[in-house]
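*Asks:* Each chain is listed here by its residues.
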Amino acid sequence: MSRDLEQTIAERVRAAAAQATPLNIVGGVSKAWYGRTPTGERLDVAGHQGILSYEPRELVVRARAGTKLAEIVATLAEAGQHLPFDPPAFGASATLGGTIACGLSGPSRPYAGSARDHVLGARIVNGRGEVLEFGGQVMKNVAGYDVSRLMVGALGSLGVLLDVSLKVLPIPESHVTLVKECNPRDALAGMNGWAGKPIPLSATCFDGNRMIVRLSGTETAVQHAAQRLGGDRLADGDRFWADLREHRHAYFAGDVPLWRLALPPATPPIDLPGKWLIEWGGGQRWLHGEVDPVHIRAAAQAAGGHATLFRGGDRAGSVFQPLEPAMLALQQRLKKAFDPAGILNPGRLYPGL
Amino acid sequence: MTTTDALAVRRNELVRGLLDILPADSVLHQAEALRPYECDGLSAYRRLPMAVALPGTVEQVRAIMRLCHRLKIPVVPRGAGTGLSGGALPIADGLLLSLAKLKSILDLDPVSRSARVQPGVRNLAISQAAAPFGLYYAPDPSSQIACTIGGNVAENSGGVHCLKYGLTVHNLLALQVVTAEGDLLTIGSEAPDAPGYDLMALMTGSEGLLGIVVEVTVRLLPLPERAQVVLAAFDDSAKAAAAVGEIIAAGIIPAGLEMMDRLAIQAAEAFVHAGYPVGAEAILLCELDGTNDEVSELILRVRQLLMRCGATEVRTARDEAERQRFWAGRKAAFPAVGRLSPDYYCMDGTIPRRRLAEVLGRIRELSEEYGLAVANVFHAGDGNLHPLILYDANQPGELERTEQFGARILQACVDAGGTITGEHGVGVEKIDAMCGQFAAPELAQFHAVKAAFDPDGLLNPGKAVPTLHRCAEFGAMHVHRGELKFPDLPRF
Chain A
1 MSRDLEQTIA ERVRAAAAQA TPLNIVGGVS KAWYGRTPTG ERLDVAGHQG
51 ILSYEPRELV VRARAGTKLA EIVATLAEAG QHLPFDPPAF GASATLGGTI
101 ACGLSGPSRP YAGSARDHVL GARIVNGRGE VLEFGGQVMK NVAGYDVSRL
151 MVGALGSLGV LLDVSLKVLP IPESHVTLVK ECNPRDALAG MNGWAGKPIP
201 LSATCFDGNR MIVRLSGTET AVQHAAQRLG GDRLADGDRF WADLREHRHA
251 YFAGDVPLWR LALPPATPPI DLPGKWLIEW GGGQRWLHGE VDPVHIRAAA
301 QAAGGHATLF RGGDRAGSVF QPLEPAMLAL QQRLKKAFDP AGILNPGRLY
351 PGL
Chain B
354 MTTTDALAVR RNELVRGLLD ILPADSVLHQ AEALRPYECD GLSAYRRLPM
404 AVALPGTVEQ VRAIMRLCHR LKIPVVPRGA GTGLSGGALP IADGLLLSLA
454 KLKSILDLDP VSRSARVQPG VRNLAISQAA APFGLYYAPD PSSQIACTIG
504 GNVAENSGGV HCLKYGLTVH NLLALQVVTA EGDLLTIGSE APDAPGYDLM
554 ALMTGSEGLL GIVVEVTVRL LPLPERAQVV LAAFDDSAKA AAAVGEIIAA
604 GIIPAGLEMM DRLAIQAAEA FVHAGYPVGA EAILLCELDG TNDEVSELIL
654 RVRQLLMRCG ATEVRTARDE AERQRFWAGR KAAFPAVGRL SPDYYCMDGT
704 IPRRRLAEVL GRIRELSEEY GLAVANVFHA GDGNLHPLIL YDANQPGELE
754 RTEQFGARIL QACVDAGGTI TGEHGVGVEK IDAMCGQFAA PELAQFHAVK
804 AAFDPDGLLN PGKAVPTLHR CAEFGAMHVH RGELKFPDLP RF
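The listed protein sequences correspond, in order, to chains A and B. Our numbering puts the first residue of the first sequence at 1, with every later residue one more than the last. Our numbering puts the first residue of the second sequence at 354, with every later residue one more than the last.
Warning: the hint list may mix true and false statements.
To be verified - Among the chain B residues that face chain A by a calculated CB cut under 7 Å, a handful are:
#	residue
1	G604
2	P794
3	F799
Claimed, not checked - Cβ-Cβ distance ranges computed for the label pairs, FRET-style:
#	chain 1	residue 1	chain 2	residue 2	range
4	A	S318	B	A710	49 to 57 Å
5	A	A18	B	Q481	56 to 64 Å
6	B	D446	A	R185	58 to 66 Å
7	A	Q7	B	E722	39 to 47 Å
8	B	E673	A	D243	42 to 50 Å
9	A	H247	B	A710	44 to 52 Å
10	B	S396	A	D44	53 to 61 Å
11	A	S318	B	E673	48 to 56 Å
12	B	P688	A	H247	30 to 38 Å
Bear in mind the hints are in silico, worked out from the structure with no lab data behind them. Predicted model only: the values in this text are computed from it and were never measured. The beta-carbon is built from N, C-alpha and C at its ideal position, and this holds for glycine as well.
Excised from the complex, chain B in its bound form (with noise of 0.2 Å):
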């Protein structure tokens, strides 16, 4: 039999067992139906699954993932495909397991201040449901229209207000969770501190590589009195990363605190009119919130200090209106920055902003060495970096060009004491860069983690973490130091 022939067999297995759990219509099989569900956000990497199974209920989830089980067929999940990093990739001989069907609000309790969701309900739809109560979900993620809670839990997606309010992690009460053999486990509760080992961080941010996220509880935050922000203008990027940290020092948390380089300012301007002064060299938009008094102090000190750090304008929102442009500049930057060339590559490294101005260097320079320009997007509050890298896949070469280049700033960031992905994840798109993050005895502590949960290794296998193998390859071709990564293992 030939592997195509035994690929059929496998699917044709699969599907009549699919038929068995979900209506006709919930099981997609021929080629154009799984069209749509290629890729996720990261458009470069595409393959066909076996099948698509949209279940609407947990019960189903559990009997497909038994069903799975039993056939030994990997599992990709996915909620609205918003991802960045491939995560949601399928695999050729696998189910892809769509929760977008799963999208009610179950229960929000303004007393308690949780939100008890499916997890295909949107990140903004839970902020929309509970502000009739005064109260919002905090992370937001610049995909928030898009993008679902069982993602975000899969991503542990950050946002723009992370420095103050957490990630995803931290504003997670309970999760519902499906194993790789269809049992189902609960995780965390509303009361503090769930007994036993704190399965919650571990699954936070698992890429689904340990269960399949079925509900989540979040932890729901008082809408603030007041939010403002302030823009400010540099005419040099290390004079804006100064001012960051000042802003720190001086004690100040802002809700939010971003950096726009000259292109990235000039194509969100073009894009959205948000005001932005174009000759600048670099923009700090940084939000302060809390009750009126407070915001009106901080905002005073916030001004003067940005003045002090050699800001060449600094300007306040005059109104909500104004403060919601402000933000759509900056939300709508990657959008912005992809009208400015044909295809854009979208890093996501973090560092210690003390090292910020040295990284943005070190950017430029391989900016000039690749040939390809590069417009900054930075979470400066929290470190974390969005540098867009511009190019045109038509060309012979140039996403390869690219994918090195960008992997050339994320070791910049890992050189620089910083991690290579901060938001965004591993998925297939860095899991070559993660051989220059973590040594072999760490990669195989992660893979004997991944075996507690699935020891036949059937949910969403290749992501995420880089087998000793592929590392071991990848290490022989990039030296460090003058050291072999992994000095122990067989080579080819």
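So that you can see chain A by itself, here it is in the shape it has in the complex (with noise of 0.2 Å):
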């Protein structure tokens, strides 16, 4: 599926500026929940999709923000590639653009990168309706601001993503998972420490007793870290990371609002009431609970980190860890440079961006 809409995107970002309308940039609709509540009028941008070009030895894949991630996946793995920040999809009708859009990215963000890291190139539009390039299909450049990797988690507040170029890697030839049990301090002590080492970990995860681990690479060297690790072997290893990355794993049921902690990996466990999950070697926390949003910032500052309120909860306040004021007026007139008259995604990010 292949269509080109640019032109009727720009133009409607032209009008909505002009009459100062507020855009509520619309993809697969599968991460509405994600940030601050959505406002203003509608603009579709699914319909922009198809991958505009993808050559395996270039290790580049190119295409429209609307393209669903997963004919991505799919067109990547037919040449034994993928993307290696493994990003979540929320849903079968997830785009390029709100993948991109949101940053998030999947298990093996510490090994790997993450999506801002695999990001080479976008085409945008900004908030005056100019359609305008950034960045390339080569992995070295340096030509100008990184405008490209810049676009990565704004939320659509700076620009409508019309195309992105990410670099891509072959998926390696084997994995291994292991599940040994343990309490959180072993397993942020274990996951830190073989971190240092040349081990070749691809994900970690402690669901609450048991620490698991995912190796990738060559099979020789899976084989090999896998005997010094020790521990049992997770028959459906790609299933339990593919729901974990989903959350469809059993952790994540349940109404209550879903806290996301990002620390320093090292951080000792924090002493919070609720149902914990550790993910990336330590750096990405999962707090299921009703705690005052008070204490989880105050915590995760006090930590040399921030909090995100995932899921649930009230989407109308502060979603994102509040910003020094300093900061905070940086981002605004950072905002005010692309988006002048405020009408894209405004407010989804932070009240005033």
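From the two separate chains plus the hints, produce the assembled complex.
*Replies:* Right under this line is the structure:
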């Protein structure tokens, strides 16, 4: 499926800018629950779709923002390649644009890099309705400011993504998932200790009473490391990691607010009530519970990290960790530099952005 | 008052202000003391600043920025001065701010695998400090013994291991930045995915135009258990280029994958005696790293692939000493070429790998047209090409011819779907080439970004992003595909 709606989208944005009409940029509606409550007139971009170029030997794929994430993943898999940051889709309708705008990465993130790390270029419509292109389809490019990576995680508030170029890599030849019962302290010590050794780690998790570790690489390297680490082998490892990534794992069931704490990975277990799940070698920790947001944010900040109200709770309040006044002022100026009329997903990230 | 007098008044005002902040030996303003700062690694451009300040603390940097903001004096930051695009070229009515005295490693945490360092710390010094813990800092630009981490952040420096381990931007956790107004900002943290906009991405590679980096926290990686390098010789550079594609297609991501052409091989061999096959048209250096078994297996597969691609010779380094020798030739390629000719001019285009043979052919044609020899060194794994044009600056007009030749190489890279700079930055050198890379609305967006950080335009002005007027003038000279690049702008 291939369709070019660039001109239509740009015209919509120009018209909205002239009228100062806020726009709610909508892709596959798979992550409408993420960020603060959307407002504004709906701007559909899911129709702007198609893989524009993919040459496995160049390790680059370029696709329109409305292209289904699943289509990209399947196309890459046919050539034995993948998106190394293993993004969650949160639904079959997820698009490339939404994936990049949310900037979410999967279980392999601390070992393979983030969504932002893999962006090489982007074509956007800024808040003036101008079509702009930054970066490109090459691995190294320092011409001009790195605006394409700036788009990652901006929730569409700096520009409507038209197409994105991503670095891709070969799928490792072999994976093994190991399981071992332990307490959270030992799990964190193990994850951080191993990450400092030449062990082909590709994902780590502590689910409450077990540490689960994935190794990826050549068959010999993986088998060798598996022997060294010990523990039991999990038969359906791929399924476990996919369920974890998509929040289908039993931990994520229920309607209580879900908090995501991003922390320096070696941070000891945080003393807050609720159910915890640790990922990313300790860098990403989920907290399921009715805890006062003020306490959660303070605990995350004290540890040198930040907390996001990922799902549920009050979506009209502050969802992301509040910024220091000087930082907020700078980010507001940056928002104005791209979107002077403040029409692109206003307030989705922070009030005033 | 004449311009010279006005400059003298401003200089006095600046120096007086600086002496309130810094000890006298950290403020340079006499011509002979300024001389060492007149250029960076791109010595074709030279200029003296009004003064040089050498702060030793972050508070001093902040005070200097507040002073310059009050006096509206432009500031050019400088690390080790090894940059190759003139990014640290002084401004005649500006201050040169050297970060060289901020050179402490503040903290190295082997458990969380990070190092917090000041901007004047040398790239290699970080890896040396981390080595006892079995860790290292991955980006390794060839100048790593001298270049500083602050400069690496400003340029988003690469190195020979980028394809597997990424650029500077992929290996940073946090920055402390002093703004044009003298405020201190923290960007990023040791926790992943900082809230709000990804200013780390914006700051990295911004060539000192958005803020002064005063502290850098880098990510450290475990040293691989083993690294091994294979050298393959080819009688045709197109075959070498094809071999690069075959290695990637086989699902192998080498730690480093470098290519050198005949002239570069000969120059490097004469200089460091690396044991390169001097009769070859091209060589590939392919480094594989990982666990011991993994490397043994990959070496075998890569050797077979290279033979199948028509390599005339494939050699595996027998020991660590030979591996170091193979790399020494590559890392010394620039100075080695420098011995062949009074001057050389290093280009830094990036292209999609599949267009390599074609772009090399174009460079050969241009070389004949201009009557100037070119040696090619290529980060083949990531498509970053370094043609080195040999010339003699003492021959009237030869520098200008060389620059024209260089500009046409960059245009060939852009036309091939690539970019004018992979890792050296735009600086002053490629400012006109930016007009070919970007159209007016993108350049205007860059200027708007700059204004969000630095509304008075005091940080390294005139570098990295050309004004629209400059492009209008430049575009009038270089009509691309029969179209004017900036049709809407007034012309002179």
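*Asks:* Next, verify each hint and record whether it holds.
*Replies:* For each hint, the structure was consulted:
1. With 7 Å as the threshold, the beta carbon of G604 (chain B) comes within range of chain A, its nearest partner Cβ sitting at about 4 Å, so the hint holds.
2. With 7 Å as the threshold, the beta carbon of P794 (chain B) comes within range of chain A, its nearest partner Cβ sitting at about 5 Å, so the hint holds.
3. Hint on F799 (chain B) holds. Least Cβ distance to chain A is approximately 6 Å, under the 7 Å limit.
4. Between S318 (chain A) and A710 (chain B) the C-beta distance comes to about 55 Å, which sits within the given range of 49 to 57 Å.
5. Distance hint check: the CB atoms of A18 (chain A) and Q481 (chain B) are about 58 Å apart, consistent with the given range 56 to 64 Å.
6. Restraint check, D446 (chain B) to R185 (chain A): a C-beta distance of roughly 59 Å satisfies the suggested window 58 to 66 Å.
7. The beta-carbon spacing between Q7 (chain A) and E722 (chain B), approximately 41 Å, falls within the hinted interval of 39 to 47 Å.
8. Distance hint check for E673 (chain B) and D243 (chain A): the Cβ-Cβ separation is about 44 Å, which falls inside the suggested range of 42 to 50 Å.
9. A hinted range of 44 to 52 Å holds for the C-beta pair H247 (chain A) and A710 (chain B), which are about 47 Å apart.
10. In this structure the supplied range 53 to 61 Å holds for S396 (chain B) paired with D44 (chain A), their Cβ-Cβ distance being about 55 Å.
11. A hinted range of 48 to 56 Å holds for the C-beta pair S318 (chain A) and E673 (chain B), which are about 54 Å apart.
12. Here the CB-CB span from P688 (chain B) to H247 (chain A) is close to 55 Å, at odds with the stated 30 to 38 Å.
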